[in-house]
Amino acid sequence: MNRIAQATVVGLSLLFAGVSFAHHSVALYDTDHLTTVKGTVTRVEWTSPHVFVFFAAPEADGKTVEWSMELDPPVLLRRYGWSKDTVKVGDTISCTGAPARSGAKAMRGAIVELKDGTQLRVWSRV
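With our numbering applied, the sequence shown covers 2 to 127.
Hints may be right or wrong, so weigh each one.
With a straight-line cut-off of 25 Å between C-alpha atoms, the simulated SDA-like cross-links for lysine to any residue are [said to hold, decoys possible]: (1) K89 <-> W68; (2) K39 <-> A58; (3) K64 <-> V45; (4) K39 <-> A105; (5) K64 <-> R122; (6) K85 <-> H34; (7) K89 <-> A105; (8) K64 <-> R126; (9) K64 <-> R102; (10) K39 <-> K116; (11) K116 <-> D86; (12) K116 <-> T93; (13) K89 <-> E67; (14) K85 <-> K64; (15) K85 <-> R102; (16) K116 <-> A28.
Bear in mind the hints are in silico, worked out from the structure with no lab data behind them.
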């Protein structure tokens, strides 16, 4: 392989490595201060690269707000015991995860507790 081809391969490898790292970054979330929020599932997006669960949770003032919780990809969730039907609209769940640094009602999920007390992992870093 000539030097130009080698440089091209190295350059592309570094470019794609950077994109991959950025995609999997959790910088948006405060991973040092996990929080737990209980709510009712309003929507589930079982898609790659990440599954999202949306749930309505009551605030201290009695108002209900919608939270979004980012989970690992479907392939990893299946390894943790999840299926597409593990959490459905209307289910009450307790979600523990890293809250959004921005203050948005969003988190990077770590553990989901089902109504029956079953706890399921949702993040490979936990």
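Hint by hint, here is what the structure shows:
In summary, the hint linking K89 to W68 is supported, as the alpha carbons are separated by about 15 Å, within the 25 Å threshold. Restraint check for K39 and A58: the C-alpha separation of about 6 Å stays at or below 25 Å, so the hint holds. Only pairs whose Cα atoms come within 25 Å are accepted, and K64 paired with V45 is accepted, the gap being roughly 22 Å. Proximity of K39 to A105 is assessed by CA-CA distance (about 16 Å); at most 25 Å being required, the pair is judged to hold.
Distance restraint check for K64 and R122: the Cα-Cα separation of roughly 29 Å exceeds the 25 Å cut-off, and the hinted pair is therefore not satisfied. Between K85 and H34 the alpha-carbon distance is near 29 Å, which puts this suggested pair outside the 25 Å criterion. Only pairs whose Cα atoms come within 25 Å are accepted, and K89 paired with A105 is accepted, the gap being roughly 23 Å. Between K64 and R126 the CA atoms are separated by roughly 32 Å; this puts the pair beyond 25 Å, and the hint is violated.
For the hint pairing K64 with R102, the CA-to-CA distance comes to about 22 Å; that is within 25 Å, so the pair holds. Straight-line distance between C-alpha atoms of K39 and K116 comes to about 10 Å, which keeps the hinted pair within the 25 Å bound. Proximity of K116 to D86 is assessed by CA-CA distance (about 14 Å); at most 25 Å being required, the pair is judged to hold. In summary, the hint linking K116 to T93 is supported, as the alpha carbons are separated by about 6 Å, within the 25 Å threshold.
Between the alpha carbons of K89 and E67 the distance comes to roughly 15 Å, so the proposed pair stays at or under 25 Å and holds. As the CA atoms of K85 and K64 are separated by approximately 30 Å, the hinted pair breaks the 25 Å bound. Between K85 and R102 the alpha-carbon distance is near 29 Å, which puts this suggested pair outside the 25 Å criterion. Distance hint between K116 and A28 is unfulfilled; the C-alpha atoms sit about 30 Å from each other, more than 25 Å.
The structure shown violates the earlier hints numbered 5, 6, 8, 14, 15, 16.
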